[in-house]
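K.L.:
Protein chains in written order, with this note's numbering: chain A, 16 to 356; chain B, 16 to 356; chain C, 16 to 356; chain D, 16 to 356.
If you are wondering where the hints come from, they were derived from the structure by calculation, not from laboratory data. Among the hints, a few may not be true.
For identical chains, the list gives no copy identity; a pair is met inside one copy or between any two copies.
[Said to hold, decoys possible] No farther apart than 30 Å at their CA atoms in a straight line, the calculated lysine-lysine pairs in the BS3-like style are these:
hint, residue 1, residue 2
1, K33, K273
2, K58, K33
3, K345, K33
4, K33, K276
5, K58, K345
6, K345, K273
7, K168, K276
8, K329, K33
9, K273, K350
10, K351, K318
11, K292, K318
12, K273, K168
13, K58, K351
Protein chains: 4
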Amino acid sequence: MLYFENDYSEGAHEEVLKRLTETNMEQLPGYGTDRYTASAKEKICAACGCPDAEVYLLTGGTQTNQIVISSMLDSHEGVIAAETGHVGTHEAGAIEWTGHKVLTLPQTDGKISASDLEEYLSTFYGDENHEHMVFPGMVYISHPTEYGTLYTKGELAELSAVCSEYRIPLYLDGARLGYALAAADTDVTLQDVAEYCDVFYIGGTKVGALCGEAVVFPKENTPFHFVTKVKQRGALLAKGRLTGVQFDALFTDDLYLKIGKNAIDTANELKRALREKGYEFFIDSPTNQIFVVLEDAQMDRLKEYVVFSYWEKKDDTHTVVRFATSWATKMEDVKKLAALL
Amino acid sequence: MLYFENDYSEGAHEEVLKRLTETNMEQLPGYGTDRYTASAKEKICAACGCPDAEVYLLTGGTQTNQIVISSMLDSHEGVIAAETGHVGTHEAGAIEWTGHKVLTLPQTDGKISASDLEEYLSTFYGDENHEHMVFPGMVYISHPTEYGTLYTKGELAELSAVCSEYRIPLYLDGARLGYALAAADTDVTLQDVAEYCDVFYIGGTKVGALCGEAVVFPKENTPFHFVTKVKQRGALLAKGRLTGVQFDALFTDDLYLKIGKNAIDTANELKRALREKGYEFFIDSPTNQIFVVLEDAQMDRLKEYVVFSYWEKKDDTHTVVRFATSWATKMEDVKKLAALL
Amino acid sequence: MLYFENDYSEGAHEEVLKRLTETNMEQLPGYGTDRYTASAKEKICAACGCPDAEVYLLTGGTQTNQIVISSMLDSHEGVIAAETGHVGTHEAGAIEWTGHKVLTLPQTDGKISASDLEEYLSTFYGDENHEHMVFPGMVYISHPTEYGTLYTKGELAELSAVCSEYRIPLYLDGARLGYALAAADTDVTLQDVAEYCDVFYIGGTKVGALCGEAVVFPKENTPFHFVTKVKQRGALLAKGRLTGVQFDALFTDDLYLKIGKNAIDTANELKRALREKGYEFFIDSPTNQIFVVLEDAQMDRLKEYVVFSYWEKKDDTHTVVRFATSWATKMEDVKKLAALL
Amino acid sequence: MLYFENDYSEGAHEEVLKRLTETNMEQLPGYGTDRYTASAKEKICAACGCPDAEVYLLTGGTQTNQIVISSMLDSHEGVIAAETGHVGTHEAGAIEWTGHKVLTLPQTDGKISASDLEEYLSTFYGDENHEHMVFPGMVYISHPTEYGTLYTKGELAELSAVCSEYRIPLYLDGARLGYALAAADTDVTLQDVAEYCDVFYIGGTKVGALCGEAVVFPKENTPFHFVTKVKQRGALLAKGRLTGVQFDALFTDDLYLKIGKNAIDTANELKRALREKGYEFFIDSPTNQIFVVLEDAQMDRLKEYVVFSYWEKKDDTHTVVRFATSWATKMEDVKKLAALL
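This is chain A alone, in the form it adopts within the complex (with noise of 0.2 Å):
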């Protein structure tokens, strides 16, 4: 059988595995303040171009949005995201569940855009009954988003100086982040993120790690004792160790950015492939996610060798799915898939 499921099959890279192995039986303090931590820590200054930028280690994607947004918004704020944006649509509601609501821009393509933000802003403020509705408190986008597009340096730009008018900060979630930055047409580095944008994190557990996801805030803005707010929403680990060793080892050699690539070039051949053949695609996504339409009884066959993602009904006769490519995937596999084809 061969997956292309998604980009979390698979356990650590081995560089990541071996660093957790080396390091193992190694008597550590607790709740994040081992030397592996801080060492990460240091690393991924240092890759986002901000020696003073303060980072923090997590779990998991929701985790980190929760913990982001509802330690950063006052009570009476909402977080603005698109439509189809995963804290408002796929994290069964852990955003409402701290006592925010999410409020939605219309996208394209998975992204939203600065005039749309501007307009949402300038109608808000103009509204003289917005005393009684959710203010907007900050800006929320995935990079690369939920259908695996990138945006431009220009539209980071652009949204951080609507952000920057309305005084809200700009947060990028960047789950996939690795494969946004070795993407082949993108202009957008580790280092414009830290500029652009007022918090973000590095996803770990989608390029490489066992899990863990590393926040940053660039800006000396992290929000007061956040590392009781991280306790008190129940994501301190006792083993800080865990994801320290692991962002430790990912920032190293910059293997983060390397293993990165490998999802980028097969996901190049594959697509290669497809279009080849002739298979239209919904979606023209430039990382790992590849949505392309198939004709039920093809993708019916295709299910017996291949694990892929549903993804919606395109009409009575066609489906569009997802391929998903990761750090992991071998080339080979890519081949066996396309002689599938």
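Following the hints, position chains B, C and D against chain A.
P.N.:
This is chains B, C and D only, laid out in the frame that chain A set:
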């Protein structure tokens, strides 16, 4: 330097790490639907003597307490705990964060008594203003307690009887349950825990795992849509294999119980040495935490060679400190420590 | 100046005020245990044709929505509402504050349809990822809606049937219910509301009271310990007599229905005048809110003599405005307004 | 039957009711933007000696405590209160409902001391694990306390000084503030309260109003967008006039202080009679609540003629009961009660 600071200083037990390594590149479905998680659950049910128990794997202790309590209480209810209970003191308000009060009972050596519980409940319902007060909706105990002490089977049965009478669940926090079960003089087995409690968790983080706690609902009493509630509270791991593989290893060939025994053996040896040298014990703890009174000058000298925990000031010249052993403690380190005493 | 801005510009209906005055110095027990509250509840049950209904008196509409929804939903559930529903737009996130998402359905004239609801629910349960999404746990409608429109008895029956099929309660926000019941062409009675809904409230604040909304659970389905939940949410009045006396007056000799009729009569007269003068209606609303298109210059002129509400911009030179009548509107004021049009 | 059960048995003071009646048919804007609310605020500022104070009118005491505390605390903070404090005992968990813990201090006659507070705070910050604990973010006191006792000006100054040192606000619950200010031997004026507290409320419900509490932020320290937060917590009245008119009346010609005096005068007369007849006082309360020990047989006999409150069991044959007077208590009723003693 010798480490007796706590029971989460090392990584995972070697068998656990080995299984993580062996299964690392297997492609498995996410969110706890993999075969290792299924196997772990089955083995835990067997160990509990409850083939129909429902088991869920979470990441850490505070998270587990928060999720179990908040998903089992109705909104107008609080949880009763010893005034020294972990949920009321050292979890940064994680229970209140979910909207529920921690109601406190007096404690002796970290334990609550059935008679105090009965009195609390009868007084509550006897108060004609109780509609204006927080309803007691659950009882929380830990085993071992914060002081390393243990309930007897008779005490558990009595607490359970009072809970049944008032129709509220009894919840046992087993962060260090492995050390309770391995203690020399306990008459409480894992099957007893499953019989007398309505919900409990088997701690992994402090007993051989990198992270992970196994919540057990022994009586087909899992809250509705518990997985969604776990997700909503930010605690559902994409790579559920991380906890699944670990608990599968811990419950293979009774590993969990065996490694608990090492903590007890090393603790007993240390207690023997302390007793022999005439040290005063702060409390008679039968598990892996030893609370002892040190003369301050000696404490300072010892700090140069040993890491241990400050517990509390005893008087102007004496301090209570804690030495903790674990699954990973080496007998030779105990002997080195004994030599320093 | 003429006031057509809203339906809460005056204090209480004279009969209501009279009863408050007459009973003012009586010494009564607190928290809604007084005889006037008991009498009010009994009269409301009778009016609903539900002798066994359970009735609770609260202070305001947002408070009522917040308490009803948060005490009926399980934590992983959200409430479905029209995208224009009050709970999702103009209550400052009061529902999310309690941890629950407002899930939206498309609307027509402020109403949702049984077929859209059925499709939403079947799509939700058909989505294999629905465990990662907010469960639809309740349906919220308002009657009249935000646009003053009304459901027919058939539409209520259909919505109720879908809710029953999916075992979720149907909740009707009756902030202006008195005006719905008094409308000319409605076939929905208070008894119908009690039959088709699982919970609803009869609005007092906008229909003759100083403050107060009566929540009705017609099917012995009051959430456990509802009074404690009301207290916990900050909404239990010490002087429960305040709402008790008012609702007792409103439900004596059908006062509630009679004063609703005045709002309809004055609204109809105003509509007649507007129609006669050729004004364009934005929506055909059968209750006490009239939405009409004004030429901007005329609107500005009118503002010098009349207070009304801005609704939305229609085009560069036209605006939609709202005139509201109420139990207190004088026919002579309508005539004065008509003369100004 | 004579009523001495509590201080909210009657409706509104006649002046308050008169103003509600006189203004009843005036057409006023909603949500507290009317001229009576503005006038009330101005008069309250003047009475507090704080022309720049910010005043908000809410409906009840628990609601007010919930809103003030939850909008002033950061999410990782709790509120310190006496172990007998209303917020921790008789508000059904209203504070925890908003996510915050009530941290308790020992009390004497319902009061906390500056030295206990200082010790709590210094111990907290001295504990090296305090990051894992709930941060003390505010101090709550009531004046009068639950036992009707009063802080002295010196005690308030000391508490205020400790709060300033630790940069946390001091909040005074003035549900019965009118009775505190009217007490014979107090040296605390309303201006003192405004000077030493960072926020407090002036209770109306128990001192002459049908409902209503006036929150005062004397130091330009209102939480951002407080009105929206009030709305979000379900507490913004559409007819803000209801509380506005009442507080405008209560602060016209010092009515609030005058009617407080009646409660004190009648309480003093009752105390005199009790003392004369040799009754044992449970506590020496200088305001409108009298706690006295009754022999059980006598208590039962008295119940046939008088309504009073059970407080607690003293011993097998004696009970502590409470008699409460109020603005509405008639001296002749006190005399009738005295004759029965």
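K.L.:
All hints, please: hold or fail.
P.N.:
For each hint, the structure was consulted:
1. Within a single copy, K33 and K273 get their C-alpha atoms as close as 17 Å, and across copies as close as 26 Å, so both meet the 30 Å cut-off.
2. When the C-alpha separation of K58 and K33 is checked against a cutoff of 30 Å, the pair qualifies both within a copy, at 18 Å, and between copies, at 28 Å.
3. Taking the closest pair of Cα atoms, K345 and K33 come within 30 Å of each other both inside a single copy (20 Å) and across two copies (24 Å).
4. In this assembly of identical chains, the alpha carbons of K33 and K276 lie at most 30 Å apart whether taken from the same copy (21 Å) or from different copies (29 Å).
5. In this assembly of identical chains, K58 and K345 lie within 30 Å of each other by CA distance solely inside one copy; the values are 28 Å within and 34 Å between copies.
6. Proximity of K345 to K273 under the C-alpha cut-off of 30 Å is restricted to the intra-copy arrangement: shortest distance 14 Å within a copy versus 40 Å between copies.
7. Proximity of K168 to K276 under the C-alpha cut-off of 30 Å is restricted to the intra-copy arrangement: shortest distance 20 Å within a copy versus 58 Å between copies.
8. For the identical chains of this complex, K329 and K33 are neighbours neither inside a copy (44 Å) nor across copies (45 Å), given an alpha-carbon limit of 30 Å.
9. For a Cα distance limit of 30 Å, the shortest separation of K273 from K350 inside one copy, 21 Å, qualifies, whereas the shortest one across copies, 47 Å, does not.
10. Proximity of K351 to K318 under the C-alpha cut-off of 30 Å is restricted to the intra-copy arrangement: shortest distance 14 Å within a copy versus 61 Å between copies.
11. When the C-alpha separation of K292 and K318 is checked against a cutoff of 30 Å, the pair qualifies only within one copy, where the shortest distance is 18 Å, while the shortest distance between copies is 67 Å.
12. Proximity of K273 to K168 under the C-alpha cut-off of 30 Å is restricted to the intra-copy arrangement: shortest distance 21 Å within a copy versus 56 Å between copies.
13. Taking the shortest Cα distances, K58 and K351 never come within 30 Å of each other, neither inside one copy (38 Å) nor across copies (37 Å).
In this structure, the earlier hints numbered 8 and 13 are contradicted, and the remaining ones agree with it.
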